[in-house]
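Asks: Sequences are here, hints too, so could you generate the full structure?
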Amino acid sequence: MSEANNDPVVVVKDVCKEYRKNDNVLTVLHNMNLELSAGDYVSLMGPSGSGKSTLLNLIAGLDKPTSGSVFVCGQDLAKTSQSALAKWRSRHVGFIFQMYNLIPVLTAYENVELPLTLTPLKKSQRAQQVKTALEIVGLGDRMDHYPRQLSGGQEQRVSIARAIATDPTLIVADEPTGDLDAKSGNEILELMERLNSEFGKTIIMVTHDPRAAARAKRNLNLLDGRLVSDSEVQKAEHST
Amino acid sequence: MIPIKYNIRSLSVRWVTTLLTIIAIAIVVFASILTFGMIEGIDNAFKSSGDADDLIVMRNGSSDEMSSTIAPEVARDLLTVEGVATDSDGEPLVAREFVTIMISSRRGKDATANVIVRGTEKASRTLRPAFKIIEGRDLEPGVNELIASKKMAERFEGAGLGEVTEINNVDFKVVGLFEAGGSAAESEVWADLRDLTAAQRIEGAVSVVNLRVPDEEKRLALIDRIKGDEQFKLDALPEETYFGNLQSSSSTALKVIAYIIAFFLTIGAMFAASNTMYAAVASRGREIGTLRALGFSRRTVLISFVCESLVICLLGGLLGCLMTVPLNGLTGGTQGSTFSEVTFSFSFGPKVLAQGMILALAMGLIGGLFPALRAIRLQVVNALRQR
Ligand SMILES: Nc1ncnc2c1ncn2[C@@H]1O[C@H](COP(=O)(O)OP(=O)(O)O)[C@@H](O)[C@H]1O
Ligand SMILES: [Mg+2]
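Heads up: the sequence lines are chains A and B, in that order.
Going by this note's numbering, the residue at position 212 of the first sequence is 212; the numbering climbs one at a time, nothing skipped.
In this note's numbering, each residue carries its 1-based index in the second sequence increased by 1000.
If you're looking for bench data, these hints aren't it; they were derived computationally from the structure.
Heads up, none of these hints are tricks.
Taking CB as the label site, the calculated pair distances span:
{"no.": "1", "chain 1": "A", "residue 1": "D181", "chain 2": "B", "residue 2": "M1001", "range": "35 to 41 Å"}
{"no.": "2", "chain 1": "B", "residue 1": "T1017", "chain 2": "A", "residue 2": "T27", "range": "39 to 45 Å"}
{"no.": "3", "chain 1": "A", "residue 1": "G49", "chain 2": "B", "residue 2": "Q1379", "range": "17 to 23 Å"}
{"no.": "4", "chain 1": "A", "residue 1": "K183", "chain 2": "B", "residue 2": "I1358", "range": "56 to 62 Å"}
{"no.": "5", "chain 1": "B", "residue 1": "M1001", "chain 2": "A", "residue 2": "E190", "range": "31 to 37 Å"}
Every residue, glycine too, gets a C-beta built ideally from N, C-alpha and C.
Replies: Right, dumping it as structure tokens:
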């Protein structure tokens, strides 16, 4: 399933991001440059307010840079209209949020099906993908449960199923374990590793937890809107 | 498309607010339907009175039957004009009628109103749509008997079956009750022409002549002849035209008032729906952000919230319609242009119910639009940062 070509999936080029409030200009990202290749699993660390979420949102096509360009899967996001961006996100990006962000009035099944309703798939085909996704995250038996009937860890697994149901190229996760206990957090991290190694998803994950970061293949460190370190993770090979 | 079950379940989560809003809307729709039903009923009272084949002959310049008089010999001439239809017994469908007003007390109320009393001939009955004696029997000429419409019998003292009413110090007895397809006759009490004019001491007087001429050419020729006759000084109108004129003068003001009331009630209900939806939008900021992150466009989210508002309002509308079911057949009275009582049946037909549902739809659309616009106003990233 992993991409065969070596073109980078994400290219962030000379990106600045400013927020203006009245006369104050707050520069959140300074001249950022970054590339992610297909199959990368990148963690993004840094103190609170350093711009991690802002960078993630730019890459996910939720926001646009003040200057510079962001190419993801060949699309120049800065030059794409809002409505085209919405459509683009539904095809190429899977989202995992810190607070899971499941729709409370929809069941696990319906939550996972939601992004699929934006695709041309028929109901029966959607059903197949929803089931597959929920089985991957180990919740094949909880399809009819509402979010409030699930634990935090289970909710986050539903949200991972939702993120992969459309088979996107890129998965963005903003502190996916930030609201979970260690055990559930660990299950989520294992799942993310599988998505990367088994299904070849390119993942970028914001985290505060060094142990979570250690599970990724590559670590980025952000400080005051600047990339201060970029390193491969040294890992003992656990498979040949 | 965001599935509608998302909206329906969101509404049922906030079921108390939802229910209160539905009830508020139902009450407004109900009140509006009541008003529209009344207008429709009044319209019917006049509309079903006119028949395209029938002519009403009255004095030139009179706007209503009461102020019309026709010389007895002229009226007699009209009995034999050419082209007049005949009834099943071969008698011509021409009726001389005398119309007067008496003051009667309302039943159960300390109030009086003008009631039309009509002196009639046999053909008067056939010339009214769906005229039918439903209780008692038809009156016998020459013995001072009356028949009253069922609605008038219910509303006025002395008009009930078996009751006696004094007209110009002469006692008349009600021997039957009739219906006439909701037409103007249902606002009247009928006597025999000669009995009534005798009691009024103007024997032989005629206010109008009603006649049926089915052939259009002959009808138009007759109208021309009557209008053209310098001596007669009469006017001949198709009944439809006559009742159309009456109706426009009597119910226009009522209609205007009714529509103004319905309009303001609707605006009020719109605010109720709007408020509910604003609250819904405010409490679902992050949900909206999530939907949009997943790829639902601004327009799709907007439509979804408008649909949610429509669901509330349509439910309210349906409830409002249901509330009118026990009121079917309700009757009312109003003053006609001649200051006599006009009775009508509230009409809650498909047209009136549809008007109510259209109001509900408008409440949902307009009341839901502004909250929905607020829902999509935020940038996705800012919506995601809420709560
Ligand atoms: N929409 C916004 N408007 C104004 N300031 C913002 C907005 N989003 C983020 N910021 C500011 O940008 C900075 C970086 O935010 P963020 O990227 O969320 O940081 P992190 O995720 O690293 O904690 C913070 O100071 C934050 O207050
Ligand atoms: Mg953040």
